[in-house]
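Here the protein sequences come in this chain order: A and B.
Under our numbering, think of the first position of the first sequence as 6, with each following residue one higher.
Under our numbering, think of the first position of the second sequence as 6, with each following residue one higher.
Hints may be right or wrong, so weigh each one.
Chain copies aren't distinguished; within one or between two, either way the pair holds.
Here are the computed lysine-lysine pairs in the DSBU-like style, where the Cα-Cα straight-line distance is at most 30 Å [as the list claims (entries may be wrong)]:
1. K75 <-> K90
2. K75 <-> K85
3. K257 <-> K219
4. K185 <-> K85
5. K85 <-> K169
6. K215 <-> K75
7. K210 <-> K75
8. K210 <-> K257
By construction, these hints were calculated from the structure, which means they are not laboratory data.
2 protein chains.
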Amino acid sequence: MCQLLGMSCNVPTDICFSFTGFQARGGITDTHTDGWGISFFEDHGVRMFLDHQASARSPIAELVRQYPIKSKTVISHIRKATQGKVSLENTHPFQRELWGEYWVFAHNGHLSGPLPELSGSFQPVGTTDSERAFCVILQALSDRFGRNRPSLEELTTEIEALSKKLGAMGEFNFLLSNGKALFAHCSTRLAYIVRQAPFTMAALKDQNLKVNFKDVTTHHDIVAVIATQPITTNEDWTTLEPGTLCVFSEGKILSSLKTVAGEPYRPECKAVSSQ
Amino acid sequence: MCQLLGMSCNVPTDICFSFTGFQARGGITDTHTDGWGISFFEDHGVRMFLDHQASARSPIAELVRQYPIKSKTVISHIRKATQGKVSLENTHPFQRELWGEYWVFAHNGHLSGPLPELSGSFQPVGTTDSERAFCVILQALSDRFGRNRPSLEELTTEIEALSKKLGAMGEFNFLLSNGKALFAHCSTRLAYIVRQAPFTMAALKDQNLKVNFKDVTTHHDIVAVIATQPITTNEDWTTLEPGTLCVFSEGKILSSLKTVAGEPYRPECKAVSSQ
Numbered sequence: 006m007c008q009l010l011g012m013s014c015n016v017p018t019d020i021c022f023s024f025t026g027f028q029a030r031g032g033i034t035d036t037h038t039d040g041w042g043i044s045f046f047e048d049h050g051v052r053m054f055l056d057h058q059a060s061a062r063s064p065i066a067e068l069v070r071q072y073p074i075k076s077k078t079v080i081s082h083i084r085k086a087t088q089g090k091v092s093l094e095n096t097h098p099f100q101r102e103l104w105g106e107y108w109v110f111a112h113n114g115h116l117s118g119p120l121p122e123l124s125g126s127f128q129p130v131g132t133t134d135s136e137r138a139f140c141v142i143l144q145a146l147s148d149r150f151g152r153n154r155p156s157l158e159e160l161t162t163e164i165e166a167l168s169k170k171l172g173a174m175g176e177f178n179f180l181l182s183n184g185k186a187l188f189a190h191c192s193t194r195l196a197y198i199v200r201q202a203p204f205t206m207a208a209l210k211d212q213n214l215k216v217n218f219k220d221v222t223t224h225h226d227i228v229a230v231i232a233t234q235p236i237t238t239n240e241d242w243t244t245l246e247p248g249t250l251c252v253f254s255e256g257k258i259l260s261s262l263k264t265v266a267g268e269p270y271r272p273e274c275k276a277v278s279s280q
Numbered sequence: 006m007c008q009l010l011g012m013s014c015n016v017p018t019d020i021c022f023s024f025t026g027f028q029a030r031g032g033i034t035d036t037h038t039d040g041w042g043i044s045f046f047e048d049h050g051v052r053m054f055l056d057h058q059a060s061a062r063s064p065i066a067e068l069v070r071q072y073p074i075k076s077k078t079v080i081s082h083i084r085k086a087t088q089g090k091v092s093l094e095n096t097h098p099f100q101r102e103l104w105g106e107y108w109v110f111a112h113n114g115h116l117s118g119p120l121p122e123l124s125g126s127f128q129p130v131g132t133t134d135s136e137r138a139f140c141v142i143l144q145a146l147s148d149r150f151g152r153n154r155p156s157l158e159e160l161t162t163e164i165e166a167l168s169k170k171l172g173a174m175g176e177f178n179f180l181l182s183n184g185k186a187l188f189a190h191c192s193t194r195l196a197y198i199v200r201q202a203p204f205t206m207a208a209l210k211d212q213n214l215k216v217n218f219k220d221v222t223t224h225h226d227i228v229a230v231i232a233t234q235p236i237t238t239n240e241d242w243t244t245l246e247p248g249t250l251c252v253f254s255e256g257k258i259l260s261s262l263k264t265v266a267g268e269p270y271r272p273e274c275k276a277v278s279s280q
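Input sequences plus hints: build the corresponding full structure.
Pasting the structure below:
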């Protein structure tokens, strides 16, 4: 199994604090040692760092931890290989282009069903179920909307349907983004926190490090952090209910949709303003 | 204008020495300060580092210079912006997937003609003529060969034709690779050297640094380095004739083809074994 970390903000923000805790799970406080990666959306571009070494021992992870890259949307992943050998091509996140936008995807879980056929427009380079599922999603979006980039509402409806379909094949926790919206699907384990004024102090769970966000933010900043397991010990993280697709943008939750049978699940919309 | 650096080897090799000289051209010995990038193919994967800061002042470039990443195919670029603002999405190299392989492209020059229409299968994210030309190439390859990955010979013939067509629109020095072959097109300026046993000492042009390759290689290593301008002062670099497409693989030149009218140009094939 693997772990996911994501961030969505209304102003470019660095993820050094959260990444410091997350990085430790790749070999110090946990056993996700089969590679790691992180993608920073910056305007329309993406800066991606990948390493098939454990994050706790990776010089590139050390750079990312210490170098404050400012981004409004970040996706990171530490890997514990289940399908596909330990190699760079099997290291998440994965990146493709669709509609002149970069799309980035990282997955935690395991899909056991035979995934839908690929027509060739998006093909996996490595051998993971995760990259194949990403290609299935992009192909479906491309087939559905053709050359016309859809609205966020249309996109959300389609990604919700795809999450439902692929989620039925196994464990399908994922983070997916085109830089504007961050789609977070909880199949079994995913939690988030939205930080906004009044900012307070936070203490990492996996490293002896605290930060007072009051010192490093402005009054109007909104920062959502999404992770497989909470990154801090003293904050009130919201655990997503299994079978939920949450859409984040500019630090806020735009929508939260059930991808398994049942009533729409929306308690976290309340949590946004009560943090 | 920009500068290109490429490497093709028969064993995974680090590019720290050459990159140390190249990096200096982004703000110390030359004025290519509008971003830089480097892509390392490792097995089927690609590790890419991008920064829109000058390479001479970039902490990420410092990491690349000091961290020996072993690769058989490398493409790097330092940018002096002519088209498109200074931003991450306009920073070379660019990357896409085709036939389940990553393709990487970097360009030095300026294309002034209106480039062929894009159908949507590959679209630029940024605003450079370079990324658009890359999309034109991939679209043409995809249209020509469909879902079937062609042989290297077929690929070379098609890329030669595309180089000819796009090269007629301006200055089109480029490096293009799928990790197996490195296509180097000289429109105006490109030089290369092939290093093999008996290895000797080399001195950088842009930094006070020497290396004795005898100390860091084995007898069967073959390493080709391609650059806009020679990286070292004491070695015998071959200047490519304008209008030449050279195909490197495993450190060797597989073919060298004229992309402008005239006789095929093959003197560098001789240089390979006489270095």
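Up to 30 Å CA-CA - K75 versus K210, copy category: The answer is within: 23 Å in one copy meets 30 Å, while 35 Å across copies does not.
Intra- versus inter-subunit Cα pairing at 30 Å for K257 with K219: Within one copy only: 19 Å inside, 58 Å across.
Homo-oligomer pair classification [K90, K75; C-alpha up to 30 Å]: between (32 Å within a copy, 19 Å between copies)
Identical-chain pair category, K185 with K85, by Cα at 30 Å: both (28 Å within a copy, 29 Å between copies)
Identical-chain pair category, K75 with K85, by Cα at 30 Å: Both, since 28 Å and 23 Å are each at most 30 Å.
Homo-oligomer pair classification [K169, K85; C-alpha up to 30 Å]: Only inside one copy: K85 and K169 sit 24 Å apart there, 47 Å across copies, limit 30 Å.
Intra- versus inter-copy proximity for K75 and K215 (alpha-carbon distance at most 30 Å): Answer is within; shortest intra-copy Cα gap is 20 Å, inter-copy 37 Å.
Intra- versus inter-subunit Cα pairing at 30 Å for K210 with K257: within (24 Å within a copy, 52 Å between copies)
Hint violations for this structure: none, all hints satisfied.
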